[in-house]
Amino acid sequence: MMTLNAMDQVLYEAQRQGRISFYMTSFGEEGIVGSAAAMDPNDPMFGQYRESGALLFRGFNLDQVMNQCFSNDLDKGKGRQMPVHYGSKQHRFHTISSPLATQLPQAAGAAYALKRSSITTTPNSNGKEDGQCVICYFGEGAASEGDFHSALNMAATLECPIIFFCRNNGYAISTPSVEQYKGDGVASRGIGYGIDTIRVDGNDVWAVYAATLKAREIVVTQNKPILIESMSYRVGHHSTSDDSSAYRPKKEVEDWNLHDNPLTRMRKWLTNQGWWNDEVQEITKKQIRADVLKAFGDAEARKKPSIPSMFEDVYDCLPQSLVEQKNEIMELVRKYPDYYRVHDFAKEQQ
Amino acid sequence: MAFRISSSFGLSRSAASRLGMRMTFPRLSMAARYNSTTTETITVREALNSAIDEEMEADPKVWLLGEEVAQYNGAYKVTKGLLDKYGPDRIVDTPITEMGFAGIAVGAALSGTKPICEFMTFNFAMQAIDQIINSGGKTYYMSGGQVPCPVVFRGPNGAAAGVAAQHSQDYASWYGQIPGLKVVSIFDAEDAKGLLKAAIRDPNPVIVLENELMYGTSFPLTEAMKSKDFVLPIGKAKIAREGKDITIVAHSRPVQFSLDAAEKLAKEGISAEVINLRSIRPLDIDTIIKSVKKTNHLVTVEQGFPVCGMGSEISAQIMESEAFDYLDAPVCRIAGADVPMPYARNLEDLSLPTEETIYKQVKRVLNVQ
Ligand SMILES: Cc1ncc(C[n+]2csc(CCOP(=O)(O)OP(=O)(O)O)c2C)c(N)n1
Ligand SMILES: [Mg+2]
Chain V
1 MMTLNAMDQV LYEAQRQGRI SFYMTSFGEE GIVGSAAAMD PNDPMFGQYR
51 ESGALLFRGF NLDQVMNQCF SNDLDKGKGR QMPVHYGSKQ HRFHTISSPL
101 ATQLPQAAGA AYALKRSSIT TTPNSNGKED GQCVICYFGE GAASEGDFHS
151 ALNMAATLEC PIIFFCRNNG YAISTPSVEQ YKGDGVASRG IGYGIDTIRV
201 DGNDVWAVYA ATLKAREIVV TQNKPILIES MSYRVGHHST SDDSSAYRPK
251 KEVEDWNLHD NPLTRMRKWL TNQGWWNDEV QEITKKQIRA DVLKAFGDAE
301 ARKKPSIPSM FEDVYDCLPQ SLVEQKNEIM ELVRKYPDYY RVHDFAKEQQ
Chain C
1001 MAFRISSSFG LSRSAASRLG MRMTFPRLSM AARYNSTTTE TITVREALNS
1051 AIDEEMEADP KVWLLGEEVA QYNGAYKVTK GLLDKYGPDR IVDTPITEMG
1101 FAGIAVGAAL SGTKPICEFM TFNFAMQAID QIINSGGKTY YMSGGQVPCP
1151 VVFRGPNGAA AGVAAQHSQD YASWYGQIPG LKVVSIFDAE DAKGLLKAAI
1201 RDPNPVIVLE NELMYGTSFP LTEAMKSKDF VLPIGKAKIA REGKDITIVA
1251 HSRPVQFSLD AAEKLAKEGI SAEVINLRSI RPLDIDTIIK SVKKTNHLVT
1301 VEQGFPVCGM GSEISAQIME SEAFDYLDAP VCRIAGADVP MPYARNLEDL
1351 SLPTEETIYK QVKRVLNVQ
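Residue numbers (the numbering used here), protein chains in the order written: chain V, 1 to 350; chain C, 1001 to 1369.
Just so you know, these hints were derived from the structure itself, not from any lab.
Predicted, not measured: the structure shown is a model, and the values here were computed from it.
Note that CB positions come from ideal geometry on N, CA and C, so glycine has one too.
There may be inaccurate statements among the hints.
Stated by the list, open to error - Okay, derived cross-link-like pairs now, EDC-like style, lysine to aspartate or glutamate, Cα gap no bigger than 20 Å in a straight line: (1) C:1061 / C:1084; (2) V:286 / V:298; (3) C:1080 / V:243; (4) C:1360 / V:243; (5) V:285 / V:8; (6) V:268 / V:255; (7) C:1267 / C:1242; (8) V:326 / C:1325; (9) V:182 / C:1093; (10) C:1294 / C:1338; (11) C:1236 / C:1202; (12) C:1226 / C:1054; (13) V:76 / V:312; (14) V:89 / V:313; (15) V:326 / C:1338; (16) V:76 / V:243; (17) C:1228 / C:1059; (18) V:326 / V:8; (19) C:1293 / C:1242; (20) C:1077 / V:243; (21) V:182 / C:1089.
Claimed, not checked - What the simulated footprint calls covered on chain V by chain C, stretch by stretch (three residues with Cβ under 8 Å from a Cβ of chain C suffice, anywhere in the stretch; the number is not a length): (22) 27 to 37; (23) 302 to 314.
From just these sequences and the hints, can you work out the full model?
Structure follows, in structure tokens:
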């Protein structure tokens, strides 16, 4: 949680300085880490964009985060996506897609695929064959899209092993949740689709953990979907393109940050247990910041993706027309290395 | 294909991109060009705003809906001040449900009101495309002409800056295919005011394609534009610059690139005629035919993909017309590159037509060095 927070601070600042083009923070929503902790590391994960915490928990490390945000040669996405649009096959984290809610029916489809192949499926990390479970994150705003409703109904009728995890953070850009829906949050909709549902205090990491753990148990033992609505608050702006002071009072943000923040609550809990104190806090914070800055510096210094890589991945095998274009470009690049700043680009894709 | 080698290779990116789709800094600010102290100017954003304002004032049946259009004044501030003036019954914030609010707009249009449906961008209208095409575009026909659907779908279209594959598409040829829809594409403030007002008054469903990077650009405010009845005919192109050696047809932001290229070509003695298409459907092929018969050369420019694009359509129609016999060289299509929009800024620049691409292609078509 502290790493997520430190990383957000550094990358947010970096965007302000023009060193990366865009960023989205998870300030106030660090409690999401609890849900990732309750899942098996091999469970497929679908995100919306504000789930960096879950991905970090999976072991996607600071270097990988920074490589993506800088679109350098180590970015597995080859620099094709805006910052924060992570994806990692290794961590079974599906690549973020910008149009809202599209991940929901896709996640239900992935869960159905798991179910279809459940006998041959890869076992859990602990070797147990009690089946896998998809987790799909989305915001309360995205839950207004038709895809949300299709996904829930399909997952329920097809009895898919999936946890729908709604991050209700009170806002969708400038739209407060009171204008997003008139019903009782997103949780009430699960009931309508015949999906067992739980609403949880998203700022209480242990509650998020416990709810997700139980949900997962139900999913894999009873082969049916579960909906979790995790109540939290978006302390940061929507993204680096947003200034939330235009639509919400500063005091509201301060109050949440002061009185009901997952990081602070966790820290207090640990302190009460006698496992944490101010000194440890300071040392840990310093260490984490140093780690974040190191990864940041390393990623910024790296080269851009290799020049030939720009021809890849629309087609598996390059059609003749692209082969010709590629040869022509590579010839030009060979002839005029300074003009094309060849040294800025990696020789080969990593 | 626009595949130009740019000198901006490797420059660091400005903070120009966003996901929540708002406030970005246009890379090429053209404002200065028109800001002389003697002429009054108006931005494209203001022109759109006044078009909506005037039509809402004139016709109580007109209302507007979309994501963040009221309280927040619209993701790009096009609807600024309208909530205060017309209240929440006529300027309506919706939940994030494109299919839902597009459907509501269609239903309300079928029921005698005149909704203006704003999409944060047309990229998100893909979630609502069934409502737009299958219902909005076809109900008049299917009802045997009994039920018109006077709805306007509007919002930014085409490439913005630094927002990669999913946010940067041009939908002109997508919607242009549909019998039952009218489609206009806005370049300057005159287009903005005249075409949007025409779209709102039109009894048909009209798609109004705007361009995010043009919103802040200022253009002269003419006396004619000040009139509350300033409407431009849908289905008529505009000759933005007269010429006799070659015809350049473009729509939206590339009109500016074409005009700039024409200016540069003029210095070398080449006289290019620039046609601002304005209307995608109906397509004003007559104006293009007439021009080609005069210039004997044709270049089309668009930001959309080359395959099945506007250029393809125009080329085919020219082939089928008497203008074919007047062509001294094959028609040349300049379009966006045939790849998902790259995120890398240098590649993004190379994927889109520029003044330079047009300049070079014109000279190639005319076979001059
Ligand atoms: C289909 C579609 N419509 C609109 C948008 C623009 N948009 C991006 S994020 C966002 C708000 C989403 O809010 P929510 O789901 O609550 O997630 P949060 O940002 O609060 O984490 C909107 C409207 C989009 N990306 N896709
Ligand atoms: Mg939200």
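Going down the list of hints, with the structure as the test:
1. Taken as a hint, the residue 1061 (chain C) and residue 1084 (chain C) pair is honoured in the structure, with Cα atoms around 18 Å apart against an allowance of 20 Å.
2. Of the supplied pair hints, the one linking residue 286 (chain V) and residue 298 (chain V) holds, its CA atoms being roughly 18 Å apart against a limit of 20 Å.
3. Taken as a hint, the residue 1080 (chain C) and residue 243 (chain V) pair is honoured in the structure, with Cα atoms around 17 Å apart against an allowance of 20 Å.
4. For the proposed pair residue 1360 (chain C) and residue 243 (chain V), the alpha carbon gap of about 42 Å is over 20 Å, so the pair is violated.
5. With a C-alpha separation of about 13 Å, the suggested pairing of residue 285 (chain V) with residue 8 (chain V) holds against the 20 Å cut-off.
6. Restraint check: the Cα-Cα separation between residue 268 (chain V) and residue 255 (chain V) comes to about 17 Å, which is no more than 20 Å; the hinted pair holds.
7. At most 20 Å may separate the alpha-carbon atoms for a hinted pair to count; residue 1267 (chain C) and residue 1242 (chain C) meet this at roughly 15 Å.
8. The straight-line distance between the Cα atoms of residue 326 (chain V) and residue 1325 (chain C) is roughly 37 Å, outside the 20 Å bound, and the hint therefore fails.
9. A threshold of 20 Å between alpha carbons decides the hint, and for residue 182 (chain V) with residue 1093 (chain C) the separation of about 14 Å falls inside it, so the pair holds.
10. The straight-line distance between the Cα atoms of residue 1294 (chain C) and residue 1338 (chain C) is roughly 32 Å, outside the 20 Å bound, and the hint therefore fails.
11. At roughly 15 Å between alpha-carbon atoms, residue 1236 (chain C) and residue 1202 (chain C) fall within 20 Å of each other, so this suggested pair holds.
12. A hinted pair counts as satisfied when its Cα atoms are at most 20 Å apart, and residue 1226 (chain C) with residue 1054 (chain C) qualifies at roughly 11 Å.
13. Note on residue 76 (chain V) and residue 312 (chain V): the hinted pairing holds, with a Cα-Cα distance of about 13 Å set against a maximum of 20 Å.
14. In summary, the hint linking residue 89 (chain V) to residue 313 (chain V) is supported, as the alpha carbons are separated by about 16 Å, within the 20 Å threshold.
15. The suggested pairing of residue 326 (chain V) with residue 1338 (chain C) holds, with an alpha-carbon distance near 14 Å, which does not exceed 20 Å.
16. Distance hint between residue 76 (chain V) and residue 243 (chain V) is unfulfilled; the C-alpha atoms sit about 31 Å from each other, more than 20 Å.
17. For the hint pairing residue 1228 (chain C) with residue 1059 (chain C), the CA-to-CA distance comes to about 12 Å; that is within 20 Å, so the pair holds.
18. This hinted pair does not check out: residue 326 (chain V) and residue 8 (chain V) have alpha carbons roughly 38 Å apart, beyond 20 Å.
19. Proximity of residue 1293 (chain C) to residue 1242 (chain C) is assessed by CA-CA distance (about 14 Å); at most 20 Å being required, the pair is judged to hold.
20. Straight-line distance between C-alpha atoms of residue 1077 (chain C) and residue 243 (chain V) comes to about 14 Å, which keeps the hinted pair within the 20 Å bound.
21. Our distance criterion of 20 Å between C-alpha atoms is met by residue 182 (chain V) and residue 1089 (chain C), whose separation comes to about 17 Å.
22. Coverage of the segment 27 to 37 of chain V by chain C is violated in this model, with 0 residues showing a Cβ closer than 8 Å to a Cβ of that chain against a need of three.
23. A stretch counts as covered by a chain when three or more of its residues have a beta carbon under 8 Å from one of that chain; for the segment 302 to 314 of chain V and chain C the count is 4, and the coverage holds.
Figure legend: structure checked against the earlier numbered hints; hints not met, in rising order: 4, 8, 10, 16, 18, 22.
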